[in-house]
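Chemist: Sequence:
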Amino acid sequence: MSLLLDNLQYTIPTFLFLLTLLVFVHEMGHYLVGRWSGIRIVAFSVGFGPELFGWTDRHGTRWKFCAIPLGGYVKFFGDEDAASTPDYRRLESVRPEERARTFLGAKLWKRAATVAAGPIANFLLAIAIFAVLFSIYGRAVADPVVAFVAPGSAAEKAGVLPGDRLISIDGKRIATFDDVRRYVSVRPELPITVRIERAGATVDLDMVPQRTESVDPLGNKVEEGKIGIGTNQEAGNFRVETYGPLEAVGQGALQSWRIVTGTFDYLSNLVVGRMNADQVGGPIRIAQMSGQMAKLGIAEVLNFAAVLSVSIGLLNLMPVPVLDGGHLMFYAVEALRGRPVGPAAQELAFRIGFAMVLMLTVFAAWNDINWLFG
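Here the UniProt record's numbering is used: the first residue of the sequence shown is 1, the next is one more, and so on.
No lab work stands behind these hints, which were simulated from the structure alone.
Please note that the accuracy of each hint is not assured.
[Claimed, not checked] Think about it this way: if two alpha-carbon atoms lie no more than 27 angstroms apart in a straight line, the pair counts; the simulated DSSO-like pairs of lysine-lysine are:
(1) Lys226 with Lys157
(2) Lys107 with Lys75
(3) Lys64 with Lys110
(4) Lys64 with Lys75
Let's have the full structure, built from the sequences with the hints guiding it.
Modeler: Now the structure itself:
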């Protein structure tokens with residue numbers, strides 16, 4: 001709690017900046033593809049609730065910023081609400097030429113493209129931010145060479161020795177020491193096979209990463225798998241690799257993909273009980289981390305923005321009614337059936353989806369409160 005209050009002068013403006021940026025980019029994806037598809041757009045909102053300020057453009061779209069900055073929406077012509085629920089009663093009285101400009105009246109592929117454009121915009125933003133950071137600052141790396149082995153660790157029990165170079169884990173090539181940490185951290189208590197190079201020969205060693213709890217430099221509790229190895233300057237050859245523009249974009253895409261796969265690894269561990277759900281955070285924790293990143297500098301804020309952008313894009317693609325992924329799920333069913341899902345079924349599904357999102361929000365808030373008060 002004190003940490004949050006101490007960083008208050010950084011927390012609030014940085015949190016609002018990040019939320020506004022990420023929401024704006026997400027909704028702009030919907031807006032641009034919707035406009036390109038010929039769909040009339042009634043409103044573009046950053047935030048929910050009462051409008052603080054806004055304007056209406058020459059196309060009749062109301063651009064507005066609202067009092068509750070925890071999201072946003074694009075409202076299309078023919079929508080009943082901000083969740084893009086069709087207003088079927090109103091659509092019955094709309095003329096055919098006007099109906100073609102409603103979201104429901106657009107062709108299936110145009111609706112799907114418009115919905116998918118929001119999460120895609122978040123992924124593209126993350127790639128762009130990572131690419132800029134890699135171009136300007138480069139990337140700190142170390143060779144996957146072992147400098148020391150912790151006593152009693154999984155690595156010691158398996159026979160790892162200082163000087164060993166890790167080549168692959170479970171058949172996946174290891175290029176840097178961070179690759180080792182990234183792969184092992186999301187596999188607590190899961191058997192892995194590590195191939196090492198020692199004195200010119202390769203050896204396969206089986207081990208099981210130990211599940212550990214620690215506190216990161218920002219004061220957040222982290223639960224992850226560890227095998228108990230480390231490196232140093234002499235063994236790991238610490239350095240900063242620089243990239244040209246095209247290489248940086250490729251590295252940005254790779255970094256975004258790593259966040260996606262890491263998220264799925266965490267969720268799978270969560271389902272089977274290998275990790276606790278207390279690491280699922282909500283707005284309070286994001287706000288606190290925003291303030292901490294702001295104290296570290298603009299590069300850390302942008303890196304955090306990229307991570308959040310990937311997370312938002314991924315969350316919105318989940319096949320839950322109300323979210324973008326839920327809409328895409330309905331469109332997939334429509335493509336298979338040759339006709340849309342009935343209004344009653346959609347309304348029921350959206351109610352269930354809203355309840356699921358609400359439960360997740362409450363759960364994340366509860367985790368935040370528990371974390372905030374220790």
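Chemist: If you draw a straight line from the CA of Lys226 to the CA of Lys157, is it 27 angstroms or shorter?
Modeler: 13 angstroms, holds
Chemist: Starting from Lys107, check that the Cα of Lys75 is at most 27 angstroms away, please.
Modeler: Since the Cα atoms of Lys107 and Lys75 sit roughly 18 angstroms apart, the hinted pair holds (cutoff 27 angstroms).
Chemist: Given the hint that Lys64 pairs with Lys75, test it: the Cα-Cα distance must not exceed 27 angstroms.
Modeler: 12 angstroms, holds
Chemist: Is the Cα-Cα distance between Lys64 and Lys110 27 angstroms or less?
Modeler: Holds, because 25 angstroms separates the two Cα atoms, which is no more than 27 angstroms.
Of the hints listed earlier, there is not a single one the structure fails to meet.
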